[in-house]
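Once you've looked at the hints, go ahead and assemble the two chains, each given alone in its own frame, into the complex.
Residue-level listing of the chains:
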Amino acid sequence: MEFNPILIVPELYQLLLIVALFCQSLGDGSETPPAERWLPYFAGFGIFVNIPAWGAQGLLFGGAYQVDALSQFFKLAIAAGFYVCVLNAARQPSLEERKRPDYFMFLAISAWGLMLLSSAVELITIYIALEISSYSLYAIIPLRNMNGKGHQGAAEAGIKYILFGAVATAIALYGFSYILASQHTSYIAQLAKANWTWAGQPMAVVGLSLFMGGMFFKLALFPFHFWCPDVYQGASNETAGFAATLPKLGAVVVLIRLATLLKPGLEITTLLAVLGALSMTFGNLCALAQKDIKRMLGFSSVAHAGYIMVGLVSGTAMGLAAAAFYAMAYVAMNLLCFWVISRVASDGRNLQLDDLNGLYKRAPGLAFALGVGAFALVGLPPTMGFMGKFFLITSAWDHGYNWLVITLVLNSAIAIFYYLSLVRHAYTHEEGENAPTPDNSAFSVCGAGILAAVVLLFGMVPSGLFDYAILAGKQLLP
Amino acid sequence: MDFGYPVLTSLIVFPLVAAAGLFLIKSPQVARAYTMGASILELILGLPLLFYQFNADFQFVEKAAWVPQWGLQYHLGVDGISYLMVLLTLAILPLCVMCSWTYISKRVKEFHFCLLFMTSACVGVFAALDLVLFYVFWEAMLIPMYLLIAVWGGDQRRYASLKFFLYTLAGSTLLLAAIVAFRITGGTFSIPELMQINFSFRFQYWAFLAMALAFAIKVPMFPFHTWLPAAHVQAPSAGSVILAAVLLKMGTYGFLRFCLPLTPDASVYFAPLMIAVSIASILYGGAIALGQEDIKKLVAYSSVGHMGFVTLGIFLFNLRGVEGALFQMLNHGIITGAMFMMIGCVYERSHSRAICDNMGLGKYLPAFMGFWGLYALASFGFPGTNGFVGEMLVFTGAFQKSPYIGALIVPGALLGAAYMFRVSLKMAWGRPSTAKAWRDLNTREWAYLLIPAVFVFYIGLAPKLIFNIIDPSVEKLVNDLKARTTIEQVVAAQPAPASVAAVAVAETPAEPVNN
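Protein chains in written order, with my numbering: chain G, 1 to 478; chain Z, 1001 to 1515.
Treat the hints loosely; a few may be bogus.
What the hints assert, rightly or not - Taking lysine-lysine and the DSS-like style, the derived pairs with C-alpha atoms no more than 27 Å apart in a straight line are:
1) 1401/Z with 1476/Z
2) 1401/Z with 361/G
3) 149/G with 291/G
4) 1297/Z with 1401/Z
5) 1476/Z with 361/G
6) 291/G with 1163/Z
7) 1109/Z with 361/G
8) 1163/Z with 361/G
9) 1163/Z with 1363/Z
Said to hold, decoys possible - Which stretches of chain Z does chain G cover? Using the computed rule of at least three CB atoms under 8 Å from a CB of chain G, they are:
10) 1028-1037
11) 1066-1077
12) 1080-1087
13) 1160-1174
14) 1177-1184
It should be emphasised that the hints constitute simulated quantities derived from the structure, not laboratory data.
Ideal Cβ placement from N, Cα and C applies to all residues, glycine included.
So that you can see chain Z by itself, here it is in the shape it has in the complex (with noise of 0.2 Å):
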């Protein structure tokens, strides 16, 4: 379809020049109106994305040489995987100019600078369809997220932004070099392509592991999350917000992107590891968040086991099982998004993030406690909200594959209920409240507050759409990791003469490149 501009391309583009107009701009808040504006703006440029197809197909594809001396390419296109995370990241981001409003005080102007940066690269990591150009919105989003902690942060800002660059960065100085391997082997650097080849298994089980590393990290899973926590505690409002809800998409994207398709037999090898751990992040979250004396500090935990349920999904390989992840993906955004932005309300009242300074909320801020108890239900996944679909789909994943994982899930579910609810009653009715003098929610509070609420009784009630978009793209993903794995699997028990026909399919041999 035309809609007569590049639209993948203006959504990359459009913030970026639009974060070079703020500095002809002087006053604070004729900055926050301004970048409202564009963030609007962006969403209506945004607007063609609703003729998607419903099919598995990449759409809104773009492809341009970039610097053809080593095949790179400029290459943007979306499917059903990514296409849900590029409406999260654009919809985040009015809510995150509209929860700063008050919250961020110095240097508005870089501020927004660094929303719009941020929004830019987020867009174009999930649309990017060249794994240099991925990797170039992977790292570049670093820097506007480091300065959002390491400028507007808590006390402790310092630590934890050099923590979370260090950890990042870390992870994803191999992905580069995998990403080489990748088009020396491979010939391209074009995933489209690469999903089409099939790589030998020693490669892919290095490949598999630099990937994972730096996904991983991302996400985060359970022994690289400590860098979490950190971060979001001392991370503004906004900056928590788009943490949550986009950035740690991208590790789970990464792996459903990547790993699943262009290294699947190490990804099979691997499933049993990478289950371990999502059970592992599971359990551990739930089990620190219940202990947790900062509200902000156990969202932050909460968020490490929502992504485990997550990594779990998509290391099951059965469609519930990626559905469920993909879901929960999106509610995670949703839910997680609005309760850091109710903590950052909260904060602003209280100026301080522990639960006993902000107990007895209930009888003052009635309006508060209502959405705060909504998101704590969804969290927690309680049927009727979005929370839900995606739980159950990973539960309905996870005993289809083996019923000891779906019994050593279960307690995980059950401790989010269980922290959810320590902290939601204690806001509520704990004694004694701190609330008296506090005013209830402002029309700007809710206003941000009441869009996630409409997404989270929509999905949790009417997921078809949903399923209509994501599954096209699910069912190939999947469908082709079982192929593909088979048939590896029936070129190596049948050697010789009668296979040549699956040799012939498993061993396209890619061209070498010699540069």
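One chain only, chain G, in its complex shape (with noise of 0.2 Å):
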């Protein structure tokens, strides 16, 4: 196949800006404007870039890169939650001058291997890919200066996160071993062929397990979660606004790919369910007793990540359909909460649910939308995350996994609880001492009410978006 190369536009363009950033982080930045400054709207740029890209179809690299509606769609998700990153991280005061183009770099990295990610249909160009954008991860997670000096939590966060992921690839690689040794193919298109069950090829099984474990470790899934909330915690607001949310696009994607290997009735399917059963229930419940919104919103991101399962297990192109569409929701919601939690804490502090009390009079277009953001986590209608939801359940019932589906509305009733004290604290508390000055200027309410109305624009009219989840759907599942 000849190679084109406006398929891969997107990723070229993203290339470009890390080099851009690189060369400038090779200076003291005395003599080049701030990276703050001008990368915002060359990110936004990468936006409109993905056009010439959408659309396109084709298999590069010898079959290990696939460009179809999945990857474009996704590409674009993460353009457009890279460019809100960007712009949250711009005004981050736990970051020092000269180390902004060295974290930007990396953050431009990062979002880069999950583009890769997204296209990637060979196992270690997924593995390699996902090296990238974790990689990269690992060096901004600590990046975090409190009154002149390291933040501890951020050095133990980064720690932690290291740890966590070197176990974490290294057993996906373990697994991929397996795959590769009992299936002899490492091509997704190959294996989907491939008989999966146990009786057949119990060490495919074990071995796709363990390669998942590399995505669960990502997208935060029980039992590899235990980083997410102390990492969300530890890390600057703005860092863990955005390790919050694209990586689990990447690990939704790749998890999307291999679940074309996944038809229901399957041991690692049911094992699937479980893992996302209970998933939900432990995140729902830990973050009951949370009093650190990060932390909180940490251990939701565990119980989101239970829910895309749903999608993951019912083995149809609708199922794959609603499990990208609820991705999109959820980095859509978290992004919203996590821009208002970093302009709330204008001076980089770690909001307490208590820092919220009255906000709704220190700044109402925050407030509202937190709120917007909460109600959205919740699955309150008319919000995307109740189409999301409503979405998830109707592509799994009847697939064998009804028990998944009661679950997983059961859990919305425990959800609601937490989600609910975000906007009880902004609205019904009068304010206590100490609280945050927020930013009431008009980027910060002006980034809220985008985000907010793209969150209520595609609870309302989610058709448009969904057409595209369920072209990538059909083009995996047909």
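So, in structure tokens, the structure goes:
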């Protein structure tokens, strides 16, 4: 097949950004405009760069790199998410000026790795892309400067993340060796034709389960979630905003591709369903007791990782589309919440629930946006969270995992308590002492407003976005 | 009929637009007047509803594709069961604005925002003919109600609002699962289409339980009622009015709209249980109300009892019972709504809801006590008031069904009289009087208390119009239920060739949906 660079324009553009940031990071920054000044424009332009490659089809690099509806859908989402994260991090109070080019470079590399991940259809390629996106994150998690010295929690979070990441990827690699040994190929397209029953290929089933462990780590699915609350809590608000959102997209896209191997009723599918159920229940129960908002959102992402499994186990195109849609919804809702958190904690501190008290008075716009985000995470209409959840359970009902669907809906009832406490503190409590001064600039309120509008809009008219998700699902599972 | 604009949609959209407009207003006084204007405009927009035809069809139907990939439709319409509820919702809004005119003094703009949002969602709940659309409105309404209690409520508002939210949301999560199951088994989300499909008993059994839990919490029926007194007592006056007049009706509306037509066999199967729980609600609500020292709590518990009459009427499955249930829904909305407004009135004077702080009003506030007496009489069903018609019909239905059921609810009606007399006597003539320095009702208060009073007498003395509206739909509902459950029995009784025709009717196989 002839190589057509148009197919991978988004990746190339992102690479260009990385190179530019790298060059800037070589100097001391005194002669170049600060990265946070110019990067947002270029990152924003990156969303439009996706247009020429939109709808492209092709198999590149020896069949290891697939450009299809699914990959382009996710690349667009990653580019948009990257733009929001860059904007969010541009005013990061806990990051020294001279470290900013490096910080943004690593952020960009991580996003780039995720773009590669959304197109990778061969296990080694997946593995490498995963590592690219993880390694750069390892480097930026500990970058948190409080009062002139490093933040202790951030260093701890960084080490935890590296250790867990190293173990998880080692497990994944180990699993890969089993898959290769038993099925003699590492291409997903060929693996899909192979036998994945326990009776037929026990080694392959074990291998695939272990390989997926690497993705579960990224997704923070039980029992690979232990890093998640600690890292969110330790990392700066803006970094946590990135780590909580985009990497999940990468993990979901790989799991969606791998889900083409999973037919309902297979042992490994059941394993996935059980992990999903455990993850949502465990995450929600733990989140109930949290006082630190980022930690709470950390457990909430454990729960949401469980929700996504519901779409993956159904083994239908609609299920995959629902999982993809839910991943989008998850990213949008979390970007919104982290945006508000970062803007409210304008001094870079970790917000406790009590710090939100009286937010409606101090920052009505941000409080409203936080309310939208919280209700969306619960899954109340008319938000994207509701539509996503609704699609998930509709696609999964009657495919052998009704108990999982029931677990999901019951979990929404548990989850309401802690999401509601965000609204409760922001709206019904009066302001306490030592409350942070929220950033009420037009930049901050407009950003929150636009994100909230996205969450509401796709909650009311989701069909346009959903068409693409279905197109992507149908290409994988016709 | 064509009125040049989609009536139901504009009733849903207009309050939202008006609510958005509130953000442009600075002064609280202007915000009040603006919302009042908006609520009257909303009523004017609803005028075409008066051209309702007295038949059992869905009217004012609007239909559009919403999410075609999943078969979601934007499908609205009203019939005899929902029509009165929509009107009630529209009529309650201006009363709420009026009764909060001085009651609400902080964050006035946001308060009216919640009221308008609430109205929009409530109209949506009663008008939706697509299960998911219904669910969207059903859940969306939780948010403004939560805020109404949590922000403008009394001392324990956080506890009460959280309890309200947790109860209702926990109940309705399973409703969502049931909705999805209907779609997969029945092939559509459209309520009128699902009404034509016969589901297996096993499916009906579980679907009924999932739906009944959601609705029973909302009504609320006896073991699930504990959120109601907390929410009512803590909510601001207007919040209580909406809660009592509209929200509670959604539960019973759900029984009528979903449980009976969609799961007829399970409804019959569970009817003894539902009747028992209803009777328990009537007796329990009445007995607890008798012991209350807080006027608002008393009225809240009396709601549990009154709503027990409604659910009882529904599960009697006869014409009088269901008619009575619908009457009682409307009446309870008018009477209890008015009573909560009165409690708001007196609270503004005494700043207490305790009976002992509001005694001896008869001499100093004659007009107030006059209205209170009227609504108290209506509340326990005094002849000539609307309460009588509803209770009478439920009684007739109950005795038709079984004299034992009838006998069991007689004490419930007596309890109603007992607790209402107890509180009213103390309020009118209790000593020492706390009302010496209070002024009687002002014009605004007269206005919002007079409007429900008109309906109390109108429905009480000339209920014919209401019968004309609800009867076709109720007859259709009851007959459908009877027809479908007897066909099932015929099929069960005589298997094989003799009942091929019956089987063909009974088991219209639905196309299962694969997605």
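Here is what the structure says about each hint:
1. Restraint check: the Cα-Cα separation between residue 1401/Z and residue 1476/Z comes to about 19 Å, which is no more than 27 Å; the hinted pair holds.
2. Annotation: proposed proximity of residue 1401/Z to residue 361/G is violated, straight-line Cα distance about 58 Å (limit 27 Å).
3. Taking the CA atoms of residue 149/G and residue 291/G, the gap is about 25 Å. The hint holds against a cut of 27 Å.
4. For the suggested pair residue 1297/Z and residue 1401/Z, the alpha carbons sit about 33 Å apart, so the restraint of at most 27 Å is broken.
5. Of the pairs offered as hints, the one joining residue 1476/Z and residue 361/G is violated, with about 53 Å between alpha carbons and a cut-off of 27 Å exceeded.
6. Between the alpha carbons of residue 291/G and residue 1163/Z the distance comes to roughly 20 Å, so the proposed pair stays at or under 27 Å and holds.
7. Using a Cα cut-off of 27 Å, the hinted pair residue 1109/Z and residue 361/G holds, with the two alpha carbons roughly 13 Å apart.
8. Under the criterion of a C-alpha separation no larger than 27 Å, the hint pairing residue 1163/Z with residue 361/G is consistent with the structure, at around 25 Å.
9. For the hint linking residue 1163/Z to residue 1363/Z, the alpha-carbon distance of about 40 Å lies beyond 27 Å, and the restraint is violated.
10. Remark: the region 1028-1037 of chain Z is not confirmed as covered by chain G, as 0 of its residues place a Cβ nearer than 8 Å to a Cβ of that chain, below the required three.
11. Coverage of the region 1066-1077 of chain Z by chain G holds [criterion: at least 3 residues with CB-CB distance below 8 Å; count 5].
12. Counting residues of the region 1080-1087 of chain Z whose CB falls under 8 Å from any CB of chain G gives 0; the rule of at least 3 is not met.
13. Using a Cβ-Cβ cut-off of 8 Å, 8 residues of the region 1160-1174 of chain Z lie near chain G, which meets the minimum of three, so the contact claim holds.
14. By the rule of at least three residues with a Cβ nearer than 8 Å to a Cβ of chain G, the coverage given for the region 1177-1184 of chain Z holds, with 5 such residues.
The earlier numbered hints that this structure contradicts are 2, 4, 5, 9, 10 and 12.
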